[in-house]
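Could you put the whole structure together from the sequences, leaning on the hints where they help?
Quick mapping for you: the protein sequence lines, in order, are chains A and B. Quick note on numbering: numbering that gives the first Met the number 0 labels position 132 of the first sequence as 131, and the sequence is numbered without any gaps. Quick note on numbering: numbering that gives the first Met the number 0 labels position 86 of the second sequence as 85, and the sequence is numbered without any gaps.
It is worth saying that the hints were derived from the structure and are not from the lab. From a predicted model like this one, the values you see are computed outputs, not experimental measurements. Treat each hint with caution, since some may be false.
Unchecked claim - Quick list of simulated restraints, FRET-style, between CB atoms:
no., chain 1, residue 1, chain 2, residue 2, range
1, A, Gly-59, B, Thr-48, 47 to 53 Å
2, B, Lys-189, A, Arg-47, 39 to 45 Å
3, A, Met-0, B, Trp-75, 25 to 31 Å
4, A, Tyr-3, B, Arg-190, 18 to 24 Å
5, B, Gly-8, A, Trp-161, 53 to 59 Å
6, B, Tyr-182, A, Pro-43, 54 to 60 Å
7, B, Arg-190, A, Tyr-157, 41 to 47 Å
8, A, Lys-90, B, Val-174, 45 to 51 Å
9, A, Lys-90, B, Ala-172, 39 to 45 Å
10, A, Leu-85, B, Glu-139, 50 to 56 Å
Positions of the beta carbon are idealized from the N, C-alpha and C atoms, including for glycine.
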Amino acid sequence: MNPYLAGIGLGLVLLASFVLVGRGLGASGAFNSVIAWAVDAVAPAHARNNEFLAGYLGDGSASTLKSWLVFEVIGVFAGAMLSGLLAGRTKVMTEKGPRVSVRARLAMAFAGGMLMAFGAALARGCTSGQALTGGALLNLGSWAFMMMVFAGAYAVAYFVRWQWR
Amino acid sequence: MMAPFFKYGMFGDETSLVVAFLIGIGFGFFLERAGFGSARKLMAQFYLTDLAVFKVMFTAIVTAMLGLTYLAWMGWLDLSLVYLVPTYLAPQVVGGLILGVGFVTGGYCPGTSVAATATGRVDGLVSVLGILVGTFAFAELFPFVKGFYLSGAGEAMTMPRAFGVPYGLVVFAVVLMALAGFYGAGLLEKRLAAGSGE
Numbered sequence: 000m001n002p003y004l005a006g007i008g009l010g011l012v013l014l015a016s017f018v019l020v021g022r023g024l025g026a027s028g029a030f031n032s033v034i035a036w037a038v039d040a041v042a043p044a045h046a047r048n049n050e051f052l053a054g055y056l057g058d059g060s061a062s063t064l065k066s067w068l069v070f071e072v073i074g075v076f077a078g079a080m081l082s083g084l085l086a087g088r089t090k091v092m093t094e095k096g097p098r099v100s101v102r103a104r105l106a107m108a109f110a111g112g113m114l115m116a117f118g119a120a121l122a123r124g125c126t127s128g129q130a131l132t133g134g135a136l137l138n139l140g141s142w143a144f145m146m147m148v149f150a151g152a153y154a155v156a157y158f159v160r161w162q163w164r
Numbered sequence: 000m001m002a003p004f005f006k007y008g009m010f011g012d013e014t015s016l017v018v019a020f021l022i023g024i025g026f027g028f029f030l031e032r033a034g035f036g037s038a039r040k041l042m043a044q045f046y047l048t049d050l051a052v053f054k055v056m057f058t059a060i061v062t063a064m065l066g067l068t069y070l071a072w073m074g075w076l077d078l079s080l081v082y083l084v085p086t087y088l089a090p091q092v093v094g095g096l097i098l099g100v101g102f103v104t105g106g107y108c109p110g111t112s113v114a115a116t117a118t119g120r121v122d123g124l125v126s127v128l129g130i131l132v133g134t135f136a137f138a139e140l141f142p143f144v145k146g147f148y149l150s151g152a153g154e155a156m157t158m159p160r161a162f163g164v165p166y167g168l169v170v171f172a173v174v175l176m177a178l179a180g181f182y183g184a185g186l187l188e189k190r191l192a193a194g195s196g197e
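This is the structure in structure tokens:
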């Protein structure tokens, strides 16, 4: 799809979220809820004593997974799956350069995921909850965050280029 | 004045979860339509071969921002009821840098790794696993980073308020900046396409 058309579509979804529920989109917050839920299931006292996780646990009257962002991210999965199937783009494969091993590429994907989790947790949001949502709301911290995401990515792009060759 | 509907009690918590799912479907659909279920497409932004990430992101920001501004200006939406993530400048600057490094290392951001997983990308699924492990590690290390995590004013702060300029002026500046960026992105892509054709 034309990037400007896709951008307008994405912007209208974001606007609908603001109008309907008074909040924007997100992704990393859902991962925080999932981890809070998992730690609570294995070691409840440990989860309650952890200040970062405790914020996601609530008062125990409802499941930790019954959170707005968890449902939204399940929707993201469903929506992307729908679009991919309709366009015939769904395929079990690993995105990588032709000369790179699958194992090396997956190691990079895992390392990148771990780093992003730290970045998003520190920043209280990721490219969805901060850059996109906060960008549209002219949120000061979100704009600072967004510029830093681009700065960080461009700064190290050269060093991780090999995985696409 | 009636929006945000949820904040005015037009539907409850249970319904809001249904709305969350539906909004997520729209979000995931357009992420995939934009091509963002593919790490190669996303990473083209950072190797300057295809600037779709910038174009899609800023078109979405401008669309939602103009819509919000219009609805607020007409008095149909109370902007003060829309949730703003509080600004903690230092951890958000450092967090942004780390996320940017992780993004270009792994090939996906958190939202797009979910979209990639949904379309069969194994590296997307592994990125999701990395995020889960990283989130667990962050939580375990939280006592050591708590001081930095909480450094800053921690209040909802918009650029118009921070810089003491009218809201509409910042909206106008963002639109101008985006249009200039789109024009520049087009020129850059054309030049690089011509350069690689030799």
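Cross-check of the supplied hints:
1. Between A/Gly-59 and B/Thr-48 the Cβ separation comes to about 50 Å, which falls inside the hinted range of 47 to 53 Å.
2. Separated by about 57 Å at the C-beta atoms, B/Lys-189 and A/Arg-47 break the suggested range of 39 to 45 Å.
3. One distance hint, 25 to 31 Å for the beta-carbon pair A/Met-0 and B/Trp-75, holds here, with the actual separation near 30 Å.
4. A beta carbon spacing of about 20 Å between A/Tyr-3 and B/Arg-190 agrees with the range 18 to 24 Å that was offered as a hint.
5. For the pair B/Gly-8 and A/Trp-161, the supplied restraint of 53 to 59 Å holds, since their beta-carbon distance comes to about 55 Å.
6. Remark: the range hint 54 to 60 Å for B/Tyr-182 to A/Pro-43 is upheld by a beta-carbon distance near 56 Å.
7. The hinted range of 41 to 47 Å is not satisfied by B/Arg-190 and A/Tyr-157, whose Cβ atoms lie roughly 20 Å apart.
8. At about 38 Å, the beta-carbon gap between A/Lys-90 and B/Val-174 misses the expected band of 45 to 51 Å.
9. For A/Lys-90 and B/Ala-172, the hinted distance range of 39 to 45 Å is satisfied, since their beta carbons lie about 42 Å from each other.
10. For the pair A/Leu-85 and B/Glu-139, the supplied restraint of 50 to 56 Å is violated, since their beta-carbon distance comes to about 41 Å.
Figure legend: structure checked against the earlier numbered hints; hints not met, in rising order: 2, 7, 8, 10.
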